[in-house]
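Asks: Here is what each chain is made of, one letter per residue.
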Amino acid sequence: MRYTTKQYALALFAALKNKSAADRKEIIKRFLIILRKNRDGARLKLILQETERQHLKDMGLKKVEVVSAGGLSSKVKKEMGEILGGKILWQESVESKLLAGLRILIDEENLIDASASRFLNKIFVKS
Amino acid sequence: MSELIKHFGIDWKLLLAQAVNFFILLVILKKFAYGPVLKMLKKRKGEIERGLNLTKEAEERIRQIGEEREEVLKEARSGALSLVSEAERTAKIRKEEIAQEAVKKAENIIFEAKRMIEEEKSKMGEEVYKDAKELMRLGIAKVLGKMPSEERDEEFIKEALRELKTLHKSV
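Read top to bottom, the protein sequences are chains P and D.
Here the first sequence is numbered in the working numbering, starting from 167 and rising by one per residue.
Here the second sequence is numbered in the working numbering, starting from 80 and rising by one per residue.
What the hints contain is simulated information worked out from the structure, not anything from laboratory work.
Idealized CB from N, CA, C, for every residue including glycine.
Be aware that one or more of the hints could be misleading.
[What the hints assert, rightly or not] Here are the simulated PhoX-like pairs of lysine-lysine, each with C-alpha atoms no more than 20 Å apart in a straight line:
#	chain 1	residue 1	chain 2	residue 2
1	P	Lys223	P	Lys211
2	D	Lys221	P	Lys241
3	D	Lys221	P	Lys288
4	D	Lys248	P	Lys263
5	P	Lys243	D	Lys122
6	P	Lys211	P	Lys172
[Said to hold, decoys possible] Take a look, some chain P residues computed to stay more than 12 Å from chain D by CB distance:
#	residue
7	Ala187
8	Leu264
9	Ser283
[Said to hold, decoys possible] Just some of the chain P residues that point at chain D, by a computed CB distance under 8 Å:
#	residue
10	Val233
11	Met246
12	Gly247
13	Leu250
14	Gly252
15	Ile254
16	Ala266
17	Phe290
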């Protein structure tokens, strides 16, 4: 039987939850052996992303990745925090390729791309 | 008369004897000489007649053969003429076909060339359009890069916050 990425992630998260550091190490070792046995090693990255998401969800945290063209001001960050509410784990980075504006990824699920590069792509690809 | 006979010295007995001898000789000659000779002559005559007939037949046959040969030659001549005329007709048709094919090929080549020219023109147009778009894009990007970041980002950030609000409401 093949397991989905989410099933693996939920199982790993449940196994790691409330365990000591030494136990976690052992659990991860065994988890990797199972993955190899099931020939699902290629999905490790996705499984870990999903596990992280479950962990953040469990902690009541929202992961918000913001990529901006010229850095994110505290004012904008505050406004965003107010809109989203709750505890937020911020991940910020600067990418000049965006030209202007920003790109927001919430919980690795919802993407808001309000960048000039997307705007330009939209204009020049459509025409 | 008897004086005349005397004058000529005719002896009736001798004459009779000679007549008998002659008659006997005639019979013998007829039996053993003239008969076979006549028979042989008759046979030869028959053979000669047969030979003549055969010659006549042969001549007739030769004449017939000559006529037949003439007929065959006539037919052959006529056949040859019809063959030549048929060959000429076929050659004419083939010539027309080849000419038509050549015209068709030439038309196809012209059509293909036109199509290729049109394609190239459209490709060139597309490339020019693409280059122009890229230039415009680069120009806008350059202008954006020279603008102060706050002014430049303002509208985009507003848009992002608007979208964020919409998304948050829907979640």
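Asks: If a hint holds in the structure, say so; if it does not, say that too.
Replies: Results of checking the hints against the structure:
Restraint check for P/Lys223 and P/Lys211: the C-alpha separation of about 18 Å stays at or below 20 Å, so the hint holds. As the CA atoms of D/Lys221 and P/Lys241 are separated by approximately 27 Å, the hinted pair breaks the 20 Å bound. Our distance criterion of 20 Å between C-alpha atoms is met by D/Lys221 and P/Lys288, whose separation comes to about 18 Å. The straight-line distance between the Cα atoms of D/Lys248 and P/Lys263 is roughly 30 Å, outside the 20 Å bound, and the hint therefore fails.
For the hint pairing P/Lys243 with D/Lys122, the CA-to-CA distance comes to about 155 Å; that exceeds 20 Å, so the pair is violated. Between the alpha carbons of P/Lys211 and P/Lys172 the distance comes to roughly 12 Å, so the proposed pair stays at or under 20 Å and holds. Distance check on P/Ala187: its Cβ is at least 34 Å (rounded) from any Cβ of chain D, clearing the 12 Å threshold; non-interface status holds. At roughly 9 Å from the closest C-beta of chain D, the C-beta of P/Leu264 falls inside 12 Å, breaking its exclusion from the interface.
Consistency note on P/Ser283: stated as away from chain D, yet its beta-carbon is not over 12 Å from all of that chain's, at 8 Å minimum. A hinted interface residue such as P/Val233 counts as satisfied when its beta carbon comes closer than 8 Å to some beta carbon of chain D; here the least separation is about 11 Å, so the hint is violated. Hint status for P/Met246 relative to chain D: holds, with the closest Cβ pair at about 6 Å, below 8 Å. Restraint check, P/Gly247 versus chain D: the minimum CB separation of about 11 Å is more than 8 Å; hint violated.
For P/Leu250, the shortest C-beta to C-beta distance to chain D is roughly 6 Å, which falls under 8 Å, so the interface hint holds. For P/Gly252, the interface hint is violated, since its Cβ never comes within 8 Å of a Cβ in chain D; the closest pair sits about 11 Å apart. Evaluation of the P/Ile254 hint against chain D yields a violated restraint, the C-beta minimum of about 12 Å exceeding 8 Å. Among the interface hints, the one on P/Ala266 holds; its C-beta lies about 4 Å from the nearest C-beta in chain D, closer than the 8 Å criterion.
Among the interface hints, the one on P/Phe290 holds; its C-beta lies about 5 Å from the nearest C-beta in chain D, closer than the 8 Å criterion.
When held up to the earlier numbered hints, the structure conflicts with 2, 4, 5, 8, 9, 10, 12, 14 and 15 and fits the remainder.
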